[in-house]
Each structure stands twice: as C-alpha cells, then as structure tokens.
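Undergrad: The residues making up each chain are set out below.
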Amino acid sequence: MEIEKALNGTELTLKIIGRLDTVTAPELEACLKESLDGVANLVMDFAALDYISSAGLRVILQAQKTMNKQGDMLIKNVNETINEVFEMTGFVDILNIE
Amino acid sequence: MELTLALKNNIEEINRLHSFIEEVGEAFALPMKTVMNLNLVLEEAVTNVIMYAYPKEEHEYIHLTAKEQEGKLIFILTDSGKAFDPTQAPDADITLSADDRQIGGLGIFLIRKIMNEVKYERIDGKNVLTLEKEL
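Taken in sequence, the protein lines are chains D and R. Residue 207 in the working numbering sits at position 60 of the first sequence, with consecutive numbering throughout. Residue 77 in the working numbering sits at position 89 of the second sequence, with consecutive numbering throughout.
What the hints contain is simulated information worked out from the structure, not anything from laboratory work. Don't be surprised by glycine CBs; every beta carbon is placed ideally from N, CA and C. Treat the hints with care, as some may be off.
Said to hold, decoys possible - For lysine to any residue, the following SDA-like pairs were computed, each having C-alpha atoms within a straight-line distance of at most 25 Å: (1) R/Lys21 with D/Asp240; (2) R/Lys70 with R/Ser85; (3) R/Lys121 with D/Glu227; (4) R/Lys101 with D/Met235; (5) R/Lys70 with D/Val170; (6) R/Lys121 with R/Glu(-10); (7) R/Lys101 with D/Asn226; (8) D/Lys180 with R/Gly93; (9) R/Lys101 with D/Glu234; (10) R/Lys21 with D/Lys180.
Stated by the list, open to error - Label-pair ranges, simulated between beta-carbon atoms: (11) D/Ser182 with R/Leu84: 22 to 28 Å; (12) R/Glu122 with D/Asp197: 23 to 29 Å; (13) D/Asn155 with R/Pro43: 19 to 25 Å.
Said to hold, decoys possible - Chain R is nowhere near these chain D residues, computed Cβ spacing over 12 Å in every case: (14) Asp184; (15) Val186; (16) Gly237; (17) Asp240.
Go ahead and model the full structure; you've got the sequences and the hints to work with.
TA: Here's what the structure looks like:
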C-alpha cells in the first residue's frame, strides 16, 4: 500500500493505493494520527484501492469518528468491490461517499 | 482436489494467505467476488490466530486446507495455540451511527455474513475452525 498526501489549506487529501488489510492498516492509522491536526476536510481517494478488510474498515471508522468532532470526511472514487464491502458492513450509511 | 498452506505466526504471512486464496479461486474457478469475500473471511480468521492463539510465539505454524465437497467449498484452519473460539466473539452492530459504533467486531460479522457455516472445535489440543461456503 502507498499513501499520497496533499494538504491544501485545511483540506487534506489522502490517496490510498493498493491493499488496505491487516498488514497495511497500521500505516494508514499512523499517517492519520500525525496528519489530522487542524484539518477541517479530510478527503480519502479510493480510486486506486483494490481491497479492504476489517482491519482497514476499523481505521476508516476511527477517522470518521475523529472528523465528526472537527469537520467533514469524504470518500471518493469507490470502486464496485470496495463498495460491496461498505454495503455488507453498513458503512454506506455512516460514511459520506461521493 | 485439496489445497494446503502452512503459515508462520507472523502478520506479514497474510500476504501469502492472499496469494493462496487467489490459487484456490483459480483451482475451483470461483467468481472474482467470491474470491474477494474469501480473502476477507480468511484474513480475519488467520489474523485472530496470530493475535490471540499464538501471542508472541514466532515459529508456530497455522495450517489451512481448502477442498470441495458436495457442492461446498470447505476451509479448515488448524493451529496448536491456546484455545480461542472466534465464534463466541460478539458481532458488530451495523445499524449504529459512526459515533456509537465500536471499533471491533466487524471481522466475525463478515465471517458469519459471507460463509454458510462456521464451526469451532478444540480437538487434541488444537483449534479447528471449519468454514463452509455453498458454491
């Protein structure tokens, strides 16, 4: 997995590339921990995300909880595979997906 | 036909697990969606063993067998770690809002949702988890 970060004022965009699983989720968790201070809009770009497991879902949920306190979070470019996982787990109802 | 995999007690082994599931998908000509769902299930089941059955023991092995029987794909996951029954873990409540949701519980929820049967047994000092999916 790779993470591309782009900060524009108080808007942070994270492009997640590859697989978000048990092995890689801690990297995203660490990245979020060090990056969210002062961020009002978090955009996660999943255009190049191939797979997400429950370990990845946990990190996304934690990010949503954090952003609910300090601004907004948007997930964009979700492919069909990832969207199925979001549907199975009810994440479609709690995330802002574009 | 039966495919087998031995994994060490190391989280990096999840990468080898995913390659194995791809092989299973090819061997049994499974649709892509099924392969992805099986990846979700087995990643969760194997991660549980690594985290809870063998904490801090580096060289223990986890064995996974995949076979087809009577129109069902059957996975049998075996380890010699301490007794751990993942089927006793509570499901996540997926109807709650983000703020009210617990961080855990999604893994076992996905296992139950995707597989048709999930059975845990403790046999001769081993954890044996049997996961069945109708084809």
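Undergrad: Indicate, hint by hint, whether the structure satisfies it.
TA: Okay, the hints, checked on the actual structure:
{"no.": "1", "hint": "R/Lys21 with D/Asp240", "result": "22 Å, holds"}
{"no.": "2", "hint": "R/Lys70 with R/Ser85", "result": "35 Å, violated"}
{"no.": "3", "hint": "R/Lys121 with D/Glu227", "result": "22 Å, holds"}
{"no.": "4", "hint": "R/Lys101 with D/Met235", "result": "8 Å, holds"}
{"no.": "5", "hint": "R/Lys70 with D/Val170", "result": "23 Å, holds"}
{"no.": "6", "hint": "R/Lys121 with R/Glu(-10)", "result": "15 Å, holds"}
{"no.": "7", "hint": "R/Lys101 with D/Asn226", "result": "21 Å, holds"}
{"no.": "8", "hint": "D/Lys180 with R/Gly93", "result": "22 Å, holds"}
{"no.": "9", "hint": "R/Lys101 with D/Glu234", "result": "12 Å, holds"}
{"no.": "10", "hint": "R/Lys21 with D/Lys180", "result": "32 Å, violated"}
{"no.": "11", "hint": "D/Ser182 with R/Leu84: 22 to 28 Å", "result": "27 Å, holds"}
{"no.": "12", "hint": "R/Glu122 with D/Asp197: 23 to 29 Å", "result": "26 Å, holds"}
{"no.": "13", "hint": "D/Asn155 with R/Pro43: 19 to 25 Å", "result": "43 Å, violated"}
{"no.": "14", "hint": "Asp184", "result": "20 Å, holds"}
{"no.": "15", "hint": "Val186", "result": "17 Å, holds"}
{"no.": "16", "hint": "Gly237", "result": "3 Å, violated"}
{"no.": "17", "hint": "Asp240", "result": "8 Å, violated"}
In this structure, the hints that do not hold are numbers 2, 10, 13, 16, 17, in rising order.
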